[in-house]
Structure formats: C-alpha cells, structure tokens
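Colleague: The chain contents come next:
4 protein chains.
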Amino acid sequence: MRKLRMGMIGGGIGSFIGDVHRKASGLDGMIELVCGAFSSTAEKSKASGKELLLPEERCYANYEDMILKEKELPEDSRMDFVSIVTPNHMHFAPAKFALENGFHVVCDKPMTLTVEEAKILENLVTSTGLLFALTHNYPGSPMVKQAKAMVENGDLGKIRKVQVHYLQGWMATSVEDSGNKQASWRVDPSKSGVGGALGDIGTHAHNLVEYITGLQVTEIAADLGKFGKGRILDDDGNILLRLENDAKGTMSFSQIAVGEENNFTIRVYGEKGSLEWHQENPNELTTRWIDRPKMVYTPNGHELYPLSLAASRIPAGHPEGYLEAFANVYKNFATHLNASLTDKKIETPDYPTVSDGIKGVQFIHAAVESDRQNAAWVSLK
Amino acid sequence: MRKLRMGMIGGGIGSFIGDVHRKASGLDGMIELVCGAFSSTAEKSKASGKELLLPEERCYANYEDMILKEKELPEDSRMDFVSIVTPNHMHFAPAKFALENGFHVVCDKPMTLTVEEAKILENLVTSTGLLFALTHNYPGSPMVKQAKAMVENGDLGKIRKVQVHYLQGWMATSVEDSGNKQASWRVDPSKSGVGGALGDIGTHAHNLVEYITGLQVTEIAADLGKFGKGRILDDDGNILLRLENDAKGTMSFSQIAVGEENNFTIRVYGEKGSLEWHQENPNELTTRWIDRPKMVYTPNGHELYPLSLAASRIPAGHPEGYLEAFANVYKNFATHLNASLTDKKIETPDYPTVSDGIKGVQFIHAAVESDRQNAAWVSLK
Amino acid sequence: MRKLRMGMIGGGIGSFIGDVHRKASGLDGMIELVCGAFSSTAEKSKASGKELLLPEERCYANYEDMILKEKELPEDSRMDFVSIVTPNHMHFAPAKFALENGFHVVCDKPMTLTVEEAKILENLVTSTGLLFALTHNYPGSPMVKQAKAMVENGDLGKIRKVQVHYLQGWMATSVEDSGNKQASWRVDPSKSGVGGALGDIGTHAHNLVEYITGLQVTEIAADLGKFGKGRILDDDGNILLRLENDAKGTMSFSQIAVGEENNFTIRVYGEKGSLEWHQENPNELTTRWIDRPKMVYTPNGHELYPLSLAASRIPAGHPEGYLEAFANVYKNFATHLNASLTDKKIETPDYPTVSDGIKGVQFIHAAVESDRQNAAWVSLK
Amino acid sequence: MRKLRMGMIGGGIGSFIGDVHRKASGLDGMIELVCGAFSSTAEKSKASGKELLLPEERCYANYEDMILKEKELPEDSRMDFVSIVTPNHMHFAPAKFALENGFHVVCDKPMTLTVEEAKILENLVTSTGLLFALTHNYPGSPMVKQAKAMVENGDLGKIRKVQVHYLQGWMATSVEDSGNKQASWRVDPSKSGVGGALGDIGTHAHNLVEYITGLQVTEIAADLGKFGKGRILDDDGNILLRLENDAKGTMSFSQIAVGEENNFTIRVYGEKGSLEWHQENPNELTTRWIDRPKMVYTPNGHELYPLSLAASRIPAGHPEGYLEAFANVYKNFATHLNASLTDKKIETPDYPTVSDGIKGVQFIHAAVESDRQNAAWVSLK
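Residue numbers (UniProt numbering), protein chains in the order written: chain A, 1 to 381; chain B, 1 to 381; chain C, 1 to 381; chain D, 1 to 381.
No lab work stands behind these hints, which were simulated from the structure alone. On a predicted model such as this, the values are computed, not experimentally measured, just so you know. Incorrect hints may have been included.
Because identical chains cannot be distinguished in the list, a pair is counted as satisfied if it fits within a single copy or across any two copies.
[What the hints assert, rightly or not] Simulated pairs of lysine to any residue, SDA-like, Cα-Cα distance not exceeding 25 angstroms:
1. K71 to F92
2. K381 to L341
3. K191 to Q362
4. K50 to K181
5. K345 to L307
6. K71 to L341
7. K3 to G29
8. K181 to E271
9. K226 to P315
10. K96 to Q362
The following block holds chain A by itself, in its conformation from the complex (with noise of 0.2 angstroms):
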C-alpha cells in the first residue's frame, strides 16, 4: 500500500467543498494532495495553491492542461485520481476527460446534469475498467452503514415505509442577490441543471434511501416549490415515493425551512421493526421494535454490524461527523484503488459508484417531470 496521489478540479480558497475534500481526503492518511485545476484563471489556481503548500508547477490553469501533463509526468508521483469539486455544470467534461486519459476520478454529485451524460460516464468506466466514486458522502457514517447492515440482515424484516426529509434554511431569503456565490451557481439553471434544492440535496435523500433500505425507488410523484422571489428552480419539494417490494414513503427537501441548518433524517419500517437517523447527531442510530423496547446504538459501540465498526475511527462516545463520515467515501475509494493498482480482490466496495449517480440523475430529471404534470407519478426506470 502507498500513499495515493489526488488532482483536485474546482475547489479554490474560500470554496466550502473543496476545502471538505482536501480534509476528508488527508484524514486517514492515504492520500495526498500532489496538484490541482483549482480556479477559472491560472492565476486563482496558482494562488489556492500556494496556500495549500502546492509546488507552483503542479497548480494548472485548467482541468486539460492538468490531466494532459499530469500524465506525461514519471508514474511514480503523478497523481493517481482526480477529485472534481466544480458546480454541477462542470462535472461531466473533467470526468470525461479524465477517464479518457487513464485517470480514476472521485466526482462531487449530482453526477451530471442529463442523463445522456451520465450513461456516457458509464460506459466509459466499463471500458477502461477505471474506478469512479460519486461523494454521497451519508453513507459513509457508521450509523448509516448499521442501518443498511440491519436491514440487510433482515432484523426490520420486509420494508413498508420509508420518510426521509432534508431541510436547509439558508436560502429562505434572496440569498443569491447579496452576493452569496453558494447560493448564486445553485439557482441559476445553467450551472444547477434542472433541479435546484432537488439536484443539491434531494438526491441525498434518494441516494440515501436506496442505500439503506437496498429498494430501489420506482416512481415518484413531486411537488415542487419554488418560494424564493424570482427563482426558477426549486428550493422546495414534497414527493411521494413509491418502492420494490411495495413500500411507500414520503421524501420533503427545503432550502426555505427557515433556521433548519442540515436537517437530514430517514426513518425506515419493517415488518418487524424499524429505524430513526438524523444528520445532525449522527452518532445514535434509535431502532424500535414490536416487542421490545427501544434500542440506541452508537459507533463503536455493542451489537453492531462489522460494516459500521470498519467506519469508526475512535471509541463509543467520542462523537465523529460529517468530515469522517466524508472521509469513509475517501477512504474506501482508496482502499479499493490500492488494492486495483496491485491486483488484490477486495469486497465489493462500500462507496457510491458511476451507477448511483445515472439513478442520481434520473431522479432529478423524474421529479421535475412529476412536478410539470402537476404532481402526476413518474416512473425511475
């Protein structure tokens, strides 16, 4: 095993995303940060760099100078992957780029902003057999991977509902036109794609839906709103959601909750019992039952499943977050590239693939076609 090599793409000083990229990254030691395409202009890139302790030669201009020189570098210290932290907009072009150059890629989500482009990475990362990790990066909490672990196991027996919302507050106002560029890229369709606050973190709610229950959701019925003054994309959205096996549920996402910070929580009923999760405290996974009494199980802590011990660093009771649970998605890309670049079979590794981001995409796109038939169902497939 060695250290892997990262390329970063997007991500600049001041960027929220790029920075939790370079953290989760670096937290378990197992890959560095030797380059990166950091900014629009060869001059913000070079500064990004210089601040990261970047040697200036490796802070490129753009995305294809680095890829293309990169890999004209000696194969023991150009970079391994690349890591795409751009709006969604420029996310399908370096990851393109990348896999046709020989490069694994690490790429934020949505993956892209069609689904043509999303099936056009696909099959190139069949082709070249290079790896892709998509960073949803719930499911790298360890609580998360208990639930799926139980309800793989079967301890829910059969699923029959499912309720998960994600509500952010932050762009209840007319955030964007006071110069909040977080906020600017996400309302404008052109950099967003067709959905707003569907794109941005409805798709973690599907993506972490399916993860958990292991269903895959079948059609959708949404209804879109749209609050903020003069926007064109969502910031809101209630859907009904339909599953295999006959589950149902109901998926709610609001960038306008007012004074929700990242309220993220799933619940999930079995036949025989069900279970609570919420983002903000991440480290209790509260589980009932039909017969006994209400069970909270922690990180590290009794009767848990080996795949959510491999995704504690430190004791019960000492609380990890979201930059570790980041760095799980890190952490089992690499694990899994290390074990590629020398030949080792691993398991089947824990971390989002090309093939969640097309259901990703698909998503967005079947919710904003729901929504234009006034809620009408749509189907995922």
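Got chain A sorted already, so can you dock chains B, C and D onto it with the hints?
Modeller: Only chains B, C and D this time, still in chain A's reference frame:
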C-alpha cells in the same frame, strides 16, 4: 357557575376512550358524570355504571332511553349535555337525537361517516343554538396553543411549508384477529367508515395543521396503504398537501409503523421562523429563526401568549400530558356552556366545533377519492 | 369499594399545592372532597369552599373544628381522612390531632419540622393502626416504578453509584421580597424549618434515591449555599452521599439554578447496568448495559414490571405527567384504605408512609449539621 | 507560514491516542508528521513508522535518539516540535529533554506524575521561551468556546454554581486482567501516578470548569471509589467544589459507570443565565435565562462570539466532533508557533499551556489527599 352534568354514550368499563373522557371531563371540577348509556345492552350498561358509582336508575339501556328520560327530569338534576364516545358509526344518530331533544353535545371524532350526516348535524346546531364540541384533544396542549398564537400574531411570517406525521405501530400485525377490540372495529368499514387510520389519526393531523396555521388545506394527493393482511381499509397513508396562501406540505400517518407509540409531530415553516412540536414530549415547543438561535418554549414558561398560559394548570417544569390536553377541550366547552346558561358572552371559545367536524369528514372522503384516482389531486371544498 | 371522603387542611383557592392535591385525588374517581379547613380564617375558608362547590356547613374555620365536627357526623357521610397541604410548620399539629381523633392522614412533605415530632406521629400511627401517606409524588411515576423494580429484581446488579440533582431557578432573585407567597414562607425558618431548598426539594431527591435503589443513605457531607440576598436558609446544596452496601454518590439541589424549571434527574449505576430518569420528560427510562445497546422504556410499553404497568392509565405514547404521578400516591393510598375498611389484605402498599417521613426529616437535620461542620460526614441514623 | 514538522513520542500503531494525535494534527494541513520514536523498541518503532509511510531513518529507537539526531538535521528539515503521547509516567522526561534541546512541546495530560516535575517543566518553558501545549482537547470544541466567551462577556452574570460529570463505563469489570492495554497501565500507579480515573478524566473535568468559568477551583472535598476488584487507584470519584468568588459545585467522574461511553457534561449557573454542554452531542450549547425561553446555540450558527466562530470549519448543521475539537488545539498551537517562528505577535493563544498542566497535577494530588482525610477540604493552592 355550577358543576355541569354529563351523560355518557358509550364508554363502558374497559373502553380506552370512555375512561379518557371521564378523567378529562372531571379533572377541573367543572363537570360531573351523572348518567350513561354505556354499552349495547342494559345489563352491561348498568354494570359499568355501578363500577362508576352511579345510581342504577341513571344507567340506561340505550341512548334514546337516556335522552328521553333525562329530558323528563327536573331541570336542576337532568344532564346538561351528552358525551358520545362510541365507535365512528355510532356518532351521528345519538348526536342528532340529543340535539333534537335539546341537549348540548360533546362528540368524538371523526364526527360522522358521511359528509351528508355531518351537514345535518351542522344544520341542527345552527337551528337549535345548542353547543357542540368535537374532541380533537391535541389542540388542547399548551404548546400547541402557543404555536397557534405565534402564527396568528405573525411571528413566523407567511407560512410556506408544513410537515405533519402521526405514526403508530400497534396494528403492524393482524391484531384484529386476536381479539383486540380497539382494532376490530377500526378495520371494519361498517363501523369505521371509508377511512381506517385515515379517520382515526389522519383527521387529528389534518385538524392540527389547520388549527396551528389558521390555513385551510385546499387540495390533497393521497397514496393510502393497506399493509395488514386482508385489510379493506387503509392502515397507512402518505399525502401531499396544498394549503391556502400557496403553502405546501406533506402528511404521513400510519398504524403499522412498527415500534412507534403515538408519534404525532408537526413542523411549520414561515418566512421568518418555524416551529416544531412532538406529542410524545408535549411540553416543549421548539422554534427556529432566521436570525436567532433556536428557542424552546415550555408551558407556563417565558414569553407565552395568553392562549397558551390559559391552558396550563401547574408551574413550568411540571409536565402535563394527554389527559390534561384533553381536559382543556372539556374545560373550554364547560366554560362556554356555563356562560351560555347564564347568558354571559365570552370570547370565541377555543375548542373544536361542528364545523371542524365537517372538515374532518370531508378530508377523509377526499383522501379516499384521491387514492382511488392513484393520488390525483382532490379539492377539499 | 366505595368513594372515599377527603377533608382538606390548607389549600385555599390560589394555593399551588392544594389544587394539585385536589386534582390528583380526584383523578381516578376513588376519592371525593367533602369538606375543608382551607385557610387561616373562617371567611376565607368558606370562600374557597364555595368556589370548590362544597356545602357551606362543611367549610370549617380551622382544622380542630373540622376534625371534631366531622367526627360527630354519621359514619356514612363523615370524612374518611384528612389531606394536609399547609406549609411545613403546619403539618405536625393537624396530623397529630387527626390521628388522635381517628382519622387517616395524607400529609405533604417534609412531614414535620423536627425529628421528635416525626417520631410522635410514627408512634401514633403504630398505636392507632390508622393509615398515613406522605405525598412524595415522584415515586408515583410509572418509569420510576420500573426503575425501582429493575433494581429490586437485580437487573442492574449491585448498585455502586448514584447521581441525583433537583434544580430549580425560580428563587434566583429575591422573589420573596416582591410578594411571591410560595417564596416567602419557604425562606422563613419559622415556617419552613431548618432547611430551605433542602426541605423543599432536597427531601424529594433523598426519597427518590432510597425508593429506587432500595438502599439507605447512611452518611452525608453537605455544603449548603445561601446565594439569595439576606437569606437565612439554604437555597442551594451539594452533598456527597454514602449508602448501604458501599455505594457512593452525589446530590445537588438548588432553587437559584437560573432557568431550570423542575429539573429532577437521577442516575443509578450497578455492576451490570444503569438507569437514568428525568422528571421533565418522565415518560422515558433510559437504561445502559454492559453488553447491549442503550434501551429506553416507556409507560405501558414493552418489558415492564407489574409495579410499573399498574401505574399507567393510558396507552403507550400518550404522556402522563406530574398530576398523574401524584394521583398514583392517592390511588394506592385509597386502595389500601378501602381494603382496610373492608378488612381485606393487600400487598405492601406502594406509597410513602410515616417512616419515609421520619427519614426525610432526619436527612434535613443531618445535612444542616454537616454544613455547620464545614461538610463533615454526618450519619443519618 | 509553512507546514510545521512534528516528531511523535509514543503512539505506535494500535495506540488509541497516538492515532488521534496524528489525525488531529494533520486535519488542517498545517502540520506534518516527519519522524517518531513510537515504541519501546527500535524494531517496533520502525514497524509503526513504516505503516505511517515515514522514511526508515526517521523512525528512532527512543526519544533521546530522536531529539539528538533531529537536532543535527538542517534547520529546514528537522522537526519543529515533539508531540508526547505516551502513558503518564513517560511525559516528564521526554518533555524536559525536548525543551532542553530547543524543541517546542505538545504533551498529553496529565502533564507529569508530581507537582515538582510540573514546576520543572514550567521553569524550562519560561527560561527557554519555547512553546508548550497540553492536549486538553475539550476546550477545542466550538460550543465550549462559546460557553467561555459568554461567561467572559458577563452574559450569565456572576457565576454561582457548577456541575460537572465525566462518566465512562469501560472499566466496570476487571478489563485490565484480560489484556486490555488501555486499562492495564491506567490501574498501575507506577505508570498512571497517584490518580486513576482522577488523572485520566477528572483532570479534563477540572480543566473544563476553569476554562469555561474563568474561575479557579480553590478547595475540594473528594470521596474516591475503588470499585474494581483489587484496584489500587481510584476508578470513581465524587467531589465538592469551591471556586473563586464564592461559587460552589460538584464534580463526579467514573470509569465504572456501566453503559456510559464518554458522558462528559457541564452545567454552569450564573445570576442571570446558565448553560449546559454535553460532549457526546457537542454541537449544541443549551442556555437558560431568567427572563427568556431556553436558547440553543450551534457551531457556525447565530449570535456566536468570534472565539467560537474561529473554531468551526464547516457550515452550521454539519457536525464536527472529537477529532475536530482536538485538531483545534493543534491548530491554535501551530498558528502560535508559526507566528513565533516569524516573530509575529498574536493574541493570547487559545490552547492549554504548561500552567494548566501544573494546575491539573495539583488537582490530582489535592483530591488524593482529601480522600485520604475522609473527604476533608484541601486547598488547591
């Protein structure tokens, strides 16, 4: 002011809700139980009355008997009002008969099986001038009243989003087949009406949304579930809500949500603030704000509106629960009735009335209709 | 079984605790208030009685009158027992007089001002065979009873450690100087006795520790605080506890803990498991285990002991609170009294008695003595 | 600013706290691990270094070697500071040697076994002008910093009462006898010093009280427990606290509190307001007020002081935990060291220093002395 005399219809010994009505009506010393037609047979009714320490001659064989005989008693001893605590299909006839014979009515929800019946009762209430209370008990909670007052006073700004769920798990298995009386009438359309969980708890959710927000639910798209083996009526439901003033929301209710006891939760989001209330810990009202930290209100605590203060009996920190909230419906009804008996005028009384009853029945039928149409939007008007 | 007749001493209209006793004693339909000596003057007593809808002739000028005159009434109408709800200094004399005249007694805590008085009452109870209930209400809570039963059944193993605190903030400022009647007698040694917060709430904490653990507190080291300006009696205290069987612990109580409403919390640690209960959300009992996840018990929920089940009136998830717990003391007392009136034997009745009263008074005096000696250990025996 | 170079003493692979120090020091990209003397033998040390991807020549056999050889390296590659993560008895010697040889020091707590040793280090720090950080990590939490700032700014008024407990259960059984290395040195006085749980976690509690309140603990009365079979050192303790300005309080700590994971909780009561913080859900600071509802602060949320804002890395609602708090100690130390290397002045750095180390060791010895005298008061001065 004098102690009001109550005659009970239904609620024989062993009944859950009959006992609740007795304890709730008696809590504040304003009402005493003086007679009853507790059960389907004269014998059972007398047995119940005996346990309740009532004189034998005022334990009647059926509601007609009770109403006709009490009517003949001297004014200073005959019952003032009936309290109807029977299963759903036995609400309409006794309510109608009581009104026709000059008795005020307290009635459990849902008020009737059909909208037509509901309107007949409304007409009778109007024409007789008698009082009619519907026992939606949750609006009786001090923190629900604070929530209503905050919205009414504009503290939250214009309401944009509502989320409500009412989740129980006690019917997750086929308890109706193993002698659970509470379950057996609820799954029987001839007793429960067209709605199962919908009528039983969905109506509470609908009522609470309208009570707190002051907004009418205008249209709904409902996807009902029948998870229990052989069930004809819904035991689960997911509903998209549209309200007056362009607010939107979701409702979910269930009696098959394994492990949930009585998880009735509401969240309301306005332009400036939001609030959250959980029935299972009813003595907290959590509020979130656009520019301040989260604030948690408590009964008899700081910065409460009079509507809320009036609903607490004991100092802050001494929890009141389900029975006390229920008792507030009776207390406000009794205050109104006492005022009406002495021709005093009082402010608009704060308890659910016959018009809330109509809305509840409309909601049930609209949801069933929407579900029949595969969750198409159905208007509630 | 018949309805028991209660005469109240103290508790005129406007009294906090008098109203609590009335609501609590009436909740289960086993007790009715038939007479009272509610206030310090005959007029006020009558006024209170009128509001309570009592006949004028049974509203007495003072407790001696009430006891002597009720004694002369026919057996089937005179009161069965007195309920003493006056400030501390007015407990002993009426309790003694009632017992001497053949009436059973319910008495608020602390039972008396001195240990000598307490022992006189104990002797009277023994010699007369009359019943005596002390209204420590918190042991009435279903989850406290579950806690006691779990310890008793050895579920937690040998008890090692106890933490209890009872924190209020309502006396953080000098409220006694601005007409707060609840405060003014509590800060007055002639009415409150040698303990302030100590007697008012410290005794509840002491009682709860012994009720749940089944262990006697054997010695204490107390550091009392007098934070309010000019206060003679403690308004805060911190105590080291030693209990039977080598258990240790801490107690903290306060009426100057700003912002706390009625935060009464206990944690008990055994060799195999531990438990935690919060009065402000009394419907959860959290348990932690050496080899299992945290489990949370709820009233009328799964895996409860009979002692707990008997204390719930309504289904799981329907919160009961302070009044219902208080009512359980009256209910168990009434059940015992009814049995005793008909010579039935019942199991050891589960309500606090005169011997708990003695222990409480001993605890107060020991704590004051320890504090005088700069927190030296003082034995409670 | 440049990346600082760290040499680690102790913390071989498998060590809990060594891994924590590595992740925490690396999180913000300001520090890199360049060398180490990780274990008791040269071989083990090299093996650990290899796993950490360090060059073999910088994996030293012992701390003397490391310090002497690093000293000879060119200034631009030798380590800047040592991080000492060994058991307690191995803090003093390497810290002293590092300071004597011109290296800055980060050291785990408790700083030394004796007060004399502690003062020697303090003198060395003073005489050399080198920096010294003690890794009490809990003050690194954003909500603890908010708590400190609120007290400092007088928001709570004069402090009257403090309650702190630090409860763990992992040593409830004799885990030291079954090969648990974390336990075995902790129960051994030659390695742990005179305090067991006292030194391990009691010192954290003591430090947090002083950090938040800004008040010195002036005297304590300690009742220590040795519940585990054959234990020589305390595994539990209950302590009465007296602080400057007439504040009082309690401390309780335990490693035999079955089922508790890392329950470190503090409550501070002033004349105007109070606050409460729980380490296990560190992203909430609950405050209570004399005239307002309870308010709950969150990292990067509303109305925070700069001291708190500076300690958060990600937006509100994205939980940070133990590692991030720990990383804040390193971050502030690194900022200070970088400034000191370039002769910049910065504000009083916000991390625990050698003087906190002395106080911690004094606290341990005072508690042991008090316990020997049957919980007599012992001064901390």
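Colleague: Please name the hints from earlier in the document that this structure breaks, with their numbers sorted from lowest to highest.
Modeller: 2
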